[in-house]
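**Q** Required output: the full structure, derived from the provided sequences and hints.
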Amino acid sequence: MSSRENLRNLDAVVEFSIFPFLQRRSLTGFMSIRLILLVLLSILGLFPFCPAESGPVRKKFSIKVDKAPPTVQIRYFDPRHPPGDLPRLRTGERGTTVARYSRVFNFDIDLVSEKREGGTTRVVVVPRSAAIKLSLPIAIWVPEHAPRKLLRHEDGHRRIHEAVYKDAGALIKFYGERLKHARFAGRGPDSKQAVVNAYQALGEDLSSIYERYVYDYSRAVSEEYDLLTGHGTNAMPEEEAIERAFRKHASYRVEFDEVLDYYQRASKK
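For any residue, its number in this note's numbering is found by taking its place in the sequence shown, counting from 1, and adding 1.
In case anyone wonders, no lab produced these hints; they're calculated from the structure.
Keep in mind that a hint or two might mislead.
With a straight-line Cα cutoff of 27 Å, these simulated BS3-like cross-link-like pairs (lysine-lysine) come out [said to hold, decoys possible]: (1) K61 <-> K181; (2) K116 <-> K193; (3) K193 <-> K134; (4) K193 <-> K181; (5) K134 <-> K61; (6) K61 <-> K174; (7) K134 <-> K181; (8) K167 <-> K249.
Okay, the calculated beta carbon distance ranges per label pair [as the list claims (entries may be wrong)]: (9) A69 <-> G120: 43 to 51 Å; (10) E118 <-> V73: 47 to 55 Å; (11) D109 <-> V255: 28 to 36 Å; (12) G120 <-> K65: 34 to 42 Å.
Ideal Cβ placement from N, Cα and C applies to all residues, glycine included.
**A** Put into structure tokens, the structure is as follows:
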């Protein structure tokens, strides 16, 4: 798959798969790298919810982020008899690295308003708490007896993913804390579906941040790394290519740092 896809099971889990299978192909047909951003928004705790106006005084917003350490698995395969779970390789490609950026959001919400409008129900919700789980499993696929150059190149992709993921917990917590000032609207044929849609809007708000500062950042650096190294076919050292790739796309980090500085200064006023 190469297009965006939304997979949704609203009875248990709302799943947004953004760029589910995005492959960057080698200009020389040597290898590819695939990143998957998988966003899981669990609504198991969505119901029951309490209308804020009729319930007790709303408690202080809280957020908890559980960031699991990255895991790395090296998978060797026989090119003559590839396993069934080997990611598809195009002609001439010899290996691939798969980084799966995964997160699960659980929100506690208050229903602050509900109104029937023209055959649909419109609701507004505010988050009371957020529990976020992040993980990054990485799989490196290389053929048996792969040359060291190929192994070093693929390991360079691992280093890029882990470097970006290092700050993912702090980033999502920082933006998650901004939710205490936010309200999210949803429409649906009935109250339950309207609340589900508002809940999705809440999750999508954080999803867009993660996509921008984690997924897009990692993708941009990885693509630059492949360009600099010729997908592992030229003599440029991996260490130098990684450093230059991060320097080329430093604007992602600068942008986030500027936003962080703005909020820190604003909170002191």
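**Q** Against which earlier hints does the structure fall short, listed by number upward?
**A** The structure conflicts with no hint, since it agrees with every one listed earlier.
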